[in-house]
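Peer 1: What follows is the residue order along each chain.
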Amino acid sequence: MISPDRIVFDHVSVTFPTPTDMLPVVEDVSFSVRDGEFVSLVGPSGCGKTTMLNIVAGFIKPSRGSVTLDGIPILGPGSDRGVIFQEYGVFPWLTVEKNIEFGLNLRSNPRSREKRAEVCERYMRLMGLYEFRNAYPKTLSGGMRQRLALARAYAVAPQFLLMDEPFGALDAQTRTAMQDLLLEVLQKEGKTVMLITHSVEEAIYLSSRVVVVSARPSRVRCIVEVPFPYPRTEQLHENAEFLGLRSRVRDLVMREYAAQEQQTRDAAPH
Amino acid sequence: MTYANPLKKLIVLALPWICVIAAWTLLHYSGIVNPSLIPTPAQVARRFWELMSNGKLPIDMLVSTKRVLVGVVLGTLLAVPTGFALGWNRSVHVFADPLINFFRALPPIALIPLVVVYFGIGEAAKVVILFYAAFFSGVIVMYEGISQISPIYIRVARTLGATDGEIFRRVIVPLSLPHILTAVRVELGVVWATLVASELIAAQNGLGAMIQNASSFFQLDIIYLGIICIGLIALIMDLILRKVSRRFLSWQDRIAA
Chain A
0 MISPDRIVFD HVSVTFPTPT DMLPVVEDVS FSVRDGEFVS LVGPSGCGKT TMLNIVAGFI
60 KPSRGSVTLD GIPILGPGSD RGVIFQEYGV FPWLTVEKNI EFGLNLRSNP RSREKRAEVC
120 ERYMRLMGLY EFRNAYPKTL SGGMRQRLAL ARAYAVAPQF LLMDEPFGAL DAQTRTAMQD
180 LLLEVLQKEG KTVMLITHSV EEAIYLSSRV VVVSARPSRV RCIVEVPFPY PRTEQLHENA
240 EFLGLRSRVR DLVMREYAAQ EQQTRDAAPH
Chain B
0 MTYANPLKKL IVLALPWICV IAAWTLLHYS GIVNPSLIPT PAQVARRFWE LMSNGKLPID
60 MLVSTKRVLV GVVLGTLLAV PTGFALGWNR SVHVFADPLI NFFRALPPIA LIPLVVVYFG
120 IGEAAKVVIL FYAAFFSGVI VMYEGISQIS PIYIRVARTL GATDGEIFRR VIVPLSLPHI
180 LTAVRVELGV VWATLVASEL IAAQNGLGAM IQNASSFFQL DIIYLGIICI GLIALIMDLI
240 LRKVSRRFLS WQDRIAA
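Chains as they are written, first to last, in numbering that gives the first Met the number 0: chain A, 0 to 269; chain B, 0 to 256.
I should point out that these hints are in silico values taken from the structure, not numbers from a laboratory.
A portion of the hints provided could be inaccurate.
Straight-line Cα separation of at most 30 angstroms, DSS-like style, residue types lysine-lysine; simulated pairs [claimed, not checked]:
1. B:LYS8 with B:LYS242
2. B:LYS65 with B:LYS55
3. A:LYS97 with B:LYS242
4. B:LYS242 with B:LYS65
5. A:LYS137 with B:LYS242
6. A:LYS114 with A:LYS187
Derived, one-sided and incomplete: chain A residues facing chain B with beta-carbon distance under 10 angstroms [what the hints assert, rightly or not]:
7. PHE58
8. SER62
9. GLY81
10. ARG132
11. ARG151
12. LEU161
13. TYR256
Heads up, the beta-carbon is just placed ideally off N, CA and C, and yes, glycines get one too.
For reference, chain A alone in the conformation it holds in the complex:
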């Protein structure tokens, strides 16, 4: 049985005004994310992937076409969609616990005191932050800050998780650990996930489908089904089929990188 579509991009285009003219960033993009699915967007940097995610998050409106959540057009940001940014965005003036509690104190997600404490504790334990609950973010490592951002997003029980290069600023070891933690958390509490990443390896390891995005303006180059069942473990990285898929997707992405570079070169003054 195929799950219903939840996020639907329907012929979406976005243009940004520049001082001289209009810059097309996203052009005629159509794809959808089904319930409980993990979809990654890979493509050259600066190609407009973040713009696509920002539309779903509710920060940007498409110039043409529509993006719908369960068939309803997106009006603005909301706590049904948790967003994880590369630069963490943890609130530096709040302790770990208060960061997680932030969303639970808002009028849009009211919770009783007992419920708040319970939710905070659950996610602090799940993300391995319990011992640091009274620490300020300045004392945390990058990986811990990202775990905190994830815990804070999870606390308000979103149905969607939108992640923009969430592990991009982390070192390779922490990055791997975070990928496994994310898979583990998703096993326990499933979400419909959209992830933007530069890493083809990461995209395939985590996703059920990978959308390869072209050089700017973004178009959908192709959509690759990832056939490996969940739960996945690190052994998958050595699997021959995984490696074959990885090099295929990597070739596609590299071609787009080359195209993007050519564009930049052409645009540069001679």
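Dock chain B against chain A, hints included.
Peer 2: Only chain B this time, still in chain A's reference frame:
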């Protein structure tokens, strides 16, 4: 810095002051300058006791401190919302920025004669000039601080479901607090300087007036005493403010405390 030994800490804290007093005493006795032009620390200390016990000095100190605080409080009350408006609204910024830069560039002291014409030499005149000094030095700090607030925190709060009011109260206010405290610190410096200048020109009381009166009678020890009191009060205010900052801003990542 932390010292295991409290005695050592005391010595380290007192050392620069001991050096200054020693150099001052030496200058008096060295003969490089006519000794009658430099009172000794002991003379100044005697004056201090005398003016403290007859109640004149405490009043002057209190009057000056009160003026400074009123100026800083009023200036901050207006500088904070103005800084927000400048940092958040493009058209307000375009409109007000040149004006603010013009008035900020004017030393408040230059306006004292004008203020005397319009407001006389009473308390109102002092409040006006100090408010002016505090506002224009504070507003620029607020504006710079507000425009540095990273939009990511606002975005995160929105994705967690925060309304505009909640974003203001729970994100903008805590992020502005360090800038408000910096603004107050800058204002204190500027307002003290302006206060003394305005008291030197036209005032019946206050430390500036005390110095001005002493200079008419060539009472050098009182002049010295007045200068030391001004410095000490400013130093104490700054210390208190730093303590407050440390208490409320322990979350900040900074290189120097």
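Peer 1: Tell me, in ascending order, the numbers of any earlier hints that this structure violates.
Peer 2: Hints 8, 10, 13 contradicted; others consistent.
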